[in-house]
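There are 4 protein chains.
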Amino acid sequence: MEKIKIILAGPRGRMGKEAAFLIHNTEHFELVGCIDRINDGKALAEVEGFPNSLKGKIYTDAEYCFQNVEADVLIDLTTPEIGKKHTELALQYGVRPVVGTTGFTEEELEHIGKLAKEKQLGVIIAPNFAVGAILMMKFAQMAAKHFADVEIIELHHDRKLDAPSGTGIKTAEMISQTRTSKQQGHPEEEEQMQGARGATTKDGIHIHSVRLPGLVAHQEVIFGGEGQSLTIRHDSYNRASFMSGVKLSVETVMKLDMLVYGLENIIE
Amino acid sequence: MEKIKIILAGPRGRMGKEAAFLIHNTEHFELVGCIDRINDGKALAEVEGFPNSLKGKIYTDAEYCFQNVEADVLIDLTTPEIGKKHTELALQYGVRPVVGTTGFTEEELEHIGKLAKEKQLGVIIAPNFAVGAILMMKFAQMAAKHFADVEIIELHHDRKLDAPSGTGIKTAEMISQTRTSKQQGHPEEEEQMQGARGATTKDGIHIHSVRLPGLVAHQEVIFGGEGQSLTIRHDSYNRASFMSGVKLSVETVMKLDMLVYGLENIIE
Amino acid sequence: MEKIKIILAGPRGRMGKEAAFLIHNTEHFELVGCIDRINDGKALAEVEGFPNSLKGKIYTDAEYCFQNVEADVLIDLTTPEIGKKHTELALQYGVRPVVGTTGFTEEELEHIGKLAKEKQLGVIIAPNFAVGAILMMKFAQMAAKHFADVEIIELHHDRKLDAPSGTGIKTAEMISQTRTSKQQGHPEEEEQMQGARGATTKDGIHIHSVRLPGLVAHQEVIFGGEGQSLTIRHDSYNRASFMSGVKLSVETVMKLDMLVYGLENIIE
Amino acid sequence: MEKIKIILAGPRGRMGKEAAFLIHNTEHFELVGCIDRINDGKALAEVEGFPNSLKGKIYTDAEYCFQNVEADVLIDLTTPEIGKKHTELALQYGVRPVVGTTGFTEEELEHIGKLAKEKQLGVIIAPNFAVGAILMMKFAQMAAKHFADVEIIELHHDRKLDAPSGTGIKTAEMISQTRTSKQQGHPEEEEQMQGARGATTKDGIHIHSVRLPGLVAHQEVIFGGEGQSLTIRHDSYNRASFMSGVKLSVETVMKLDMLVYGLENIIE
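Residue numbers (the working numbering), protein chains in the order written: chain B, 1 to 268; chain X, 1001 to 1268; chain Y, 2001 to 2268; chain E, 3001 to 3268.
Note that these hints are calculated values from the structure, not bench results. Fair warning: there could be bad hints in the mix.
Stated by the list, open to error - Each computed BS3-like pair below joins lysine-lysine, with the alpha-carbon atoms no more than 27 Å apart:
id	chain 1	residue 1	chain 2	residue 2
1	E	Lys3182	Y	Lys2003
2	B	Lys145	X	Lys1145
3	E	Lys3170	Y	Lys2145
4	B	Lys160	B	Lys202
Please build the complete structure, drawing on both the sequences and the hints.
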C-alpha cells in the first residue's frame, strides 16, 4: 500500500501528540510536515518527546508549509479559529483536511462544503473522534425505534464544569430523531427531592450527570421495555481512544470528494 | 386501523399465555380462534386465567379451525413437531404463520420457504423473540467491524444445564461474520487455573458463563480498543420480554410474501 | 434441630404467600397457625395455591389464635395498623414477633422495646428484609469512611410514584453517619439543563432516580477516589428476595431477648 | 498537626513518583530524604519531573541516609530484595517502614515482626495499596456469610500474562474463609465448549478472566440469592489509585507498635 502523506497541525497539544504517535505506529502513514507556533525548520523528531521516525519538518507559517510540502492529508488538532484557516488553505493546495473541532458555524460548514465540492476533495470535520462513543450514539438511535423508554447516565471526573456533557446532549438529540416522543415515568410521579429524576429534554428524555474523582469519561444509555432492558455503555479511559477515529478518518477522507461532518456519517 | 385477526396455538403454555395477554392488550389485534388439546368449543375467555375480551373459540382439531375461522395470522407457540404441521396448514388456508421455535431443519425451512413463495404469503419463524436480545446481537455484529477484540459474558440462573447459552454462541457466530479473525489476549498468556480465560471459539472469541441463583437471563458483549471499551448488555427479567418481538412479527408478517427466519432480519 | 413453630399473619398477601412457601421449604420451620380475615378453622393447605404441608389452622381472631396455639415465632406481614396489635398480643402470649412494616412511630417502638425487655423476648421489626439491600447499605456506610465522594443511582420500574426511592434516601442517611460532609463536584459546575446533577442531600450527596418499564428494583452506590472507583450494586428481581431476610430473622429472634429495629443490626 | 517526616526509597520508579507527588500534595507530610541509585547529594526537587517543594536530599547509601536524616517513616517502593534490607535498616534506626511489595517469605515476615516488637515500632507491608480493591475484598468476605453462591469476573488489559489475576485469587481465598463450601451451578450442568464456566477453586468458586485492550484493572464479585444479586466492583484507572492506601498507611504506622501485613488489617 502506498503511504498516506500527512501534515500535522498542533503536534505539541495533548491530542496532537497522540496523533504524532498514531502516525509513528501506523505503517502506511508518513509525517511529511508539521504546522506549529515554534521550532520552525526543525524536524518533529528533534523536539523532546517525539520518536525518531517523525522526520517531517515544522513550519510556523501554514501557507508556506502547504506550498513546500507535497501531502495527501492535513490532520488539524489546533483551536477552532486556527483550524478553520488551515482547512481552507489545505483545500486550496489540494490537501484533504481531517479536523477535530466543534467550532464551525453552519455557514462556515456550508462554505467548506462548497469549496470541497469545487475542488473534488474530501474533508472530514468531527467534534468527537472516539469510535466507541460514536457507535454508542448510533446504536442508541437504532434501539430507540423499538424502545421509546430511555434514560441517559453520563459519568465524568469532578473537574468537569458542564452538566450534562456534550455527548449526553448529542445522544439525546440523535435518539429524538428516531424515537416516538413521550413523557416517560409515571404521569403522577413526584420528586420528593428536587432534581432526583434528572434533566429532561423537551422531548421527554431524562439525562443524569454523575461527577466523581477517579472517573474519566463514561456514558450509559438504558432502554427499558416489557420484562427487559438494553444497555449501551462507552468507557473512555484516556485520550488514546480518539486515535482510532483519526486513523479511520485519514483513510476514509482519501476516498471522499465532499465534506462529511461527524464521524457517525462515515461509520457503518 | 383494521384489526389483525389472530389464531393462537398453545394458549395455555407459558409463552402462549403471554401471547394471549398481548392480544388482549393490543387494540389492533383480535383473537378469532385458538388451537389447543382441550376445551374444544369453549371461548378462551371461559378458561380460568384469561381475560373476558378473548372471545375466540378453541378448536382441538387444527384443520377444522382453519376451515371455520377467517384469520390473518397464526401465532404458534406449541412444540417444534406440532408447530411444523400448523405452519403448513396455515399456509394452505391462506393464514400467515408467526412461529416461535428452534426445531426446523434446513430442509424443512426450505420447504416452508417454497410454500410461502407459491402462496405469496409471509411467514416468520424465530428462535428468539426478545427484541432487546436481537438488537444486542446486531449491534455486536456492527461493532465488530471496528473492534476486533471482544469477549462475551452471559449470566443465567443456576438451573441452566448448558454453557455457553444458545444466545452466547449465536452472538459469537454473528460477530465472526464481520470481525477480522484473531487470537485475543497476550500470545504468551497462561492460565494458572484451567478455564480462567473461558471458552474460545475457533475464531478466537472468548465466552464466559456465569450461573447464580436469583439471576434470570443476561448477556454482556464487551469490545476493547485503544483507551476505550464499548459494552452492549441485555437483561431479560421475565417472559414478557418476548412479547415485543411477537407483536412486531405479527405486524410485519402482514406485509411479507416470503419466509423470514430470525427476528434479526426484520429488525432495522 | 428442633423445629421453630411459626404463626403466620397475612398468608394471602403477596409477601405472606412468599413466607408461606418459605416455611414449606425450610426443614426446621413448621407452620402451627395462621391469622387471616377469612377461612376461619380451615388449614392453610386447604386454601387454593398453598402446599399440602402447611397444616396450620387459620384463625380470624388473633387473640384466640395465640391462646390456642403453642408457637415460638409470629411472622407478621399484614398492614402497619394490624401489625402493631399482633406484635403486642404475641409478646403477651410469649411468642417472638418478626414484623415487616415501616409503620411504627418512635414512641411505639419504645413501647414495644419495653415490653420485650419485661418479657425477655426477642422482637425484630424491619422495613426491608432483602439481605442484599441491607448489605449494600452497610458496605456503603463502611466505604464512606475512606471515600468522601459518592453518588447514588437507583433504578425502578416506571409505575413507581416517588423519587428518590426510600432505599436511596436511607442509604444516603447511613452514608452521612460515617462520611466527612462535603459538597461534591467542581465548585463552579453548572447545570446547562436543570436537574442534571440529580437531587442533593443537605450533606452534599447526589441521588439519581431512573424509571423505566421492565426494570424491577436496582441500586448502585458509586464511590470515586484518585484513579479508582468502587461500586456496590443490588438487583432485586422479585419478591423472593425478601425471604432470605425473613428466614434469618426467624432464626435470630429465637436468640434475642430485646427489640431490634432494622435488619442491618442483626447482619454482620 | 506536626508534619510526618518521610524518607522515600525508589523515587524515580512508577509507584515512587506517585508517592513523591503524594508527599508534595499532603500538607502534613514532609520529604526529609530519598534513597536512590543515582543523584547522590542532590535534592529530589532538582531531578527533572519533581516539584520544587520536595527538598529532601538523595542518598545512594541507605544506611548513611538513616544515620544523617531524622525521619518518622520510610516509604519503600523499590524491589523485594532491596525493600527487605531497607526495612531492617529503618527499624534499627527507629524509622517506621511502609513497604509495598509481595516478596517477603513467612520466615522473613516473622523476623520483621519480632524486630518491630523489640523496637516497639509500627511496620506496614502491603502487596496492594488500592483502598478500593481492599474494601471490595473485605465486603466480598462479609457478603459470603449470607450468600454461598458467588462468581468472580476480573477484567484486565490484554498485555497481562497470568489468569486469573492475583487479586482474583486472593478474593476467592478471602471469601472461602467465611463462605460455606459448595459446588455451584446445576449439579448436571455441562460445558458445550470447554472452559465456559471459568476456573474453579477447590472450594467451588468460579473465576472468569477477561483480557481486552483499553481496559486497565477491574474486578466484579457477584453474589446471587433467591430473587436478588449483589455486586461489588472495583475499577482501577491508573496508578494514582494506590496512593490513598500509602497515605493511610503512613498515618496509621505512626500509631502502631507492631507489624501489620496486608492493608485489609488496618482498614475498617
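Practice prompt. Run the structure past the numbered hints and jot down the numbers of the failing ones, going up.
Written response: No numbers; nothing is violated.
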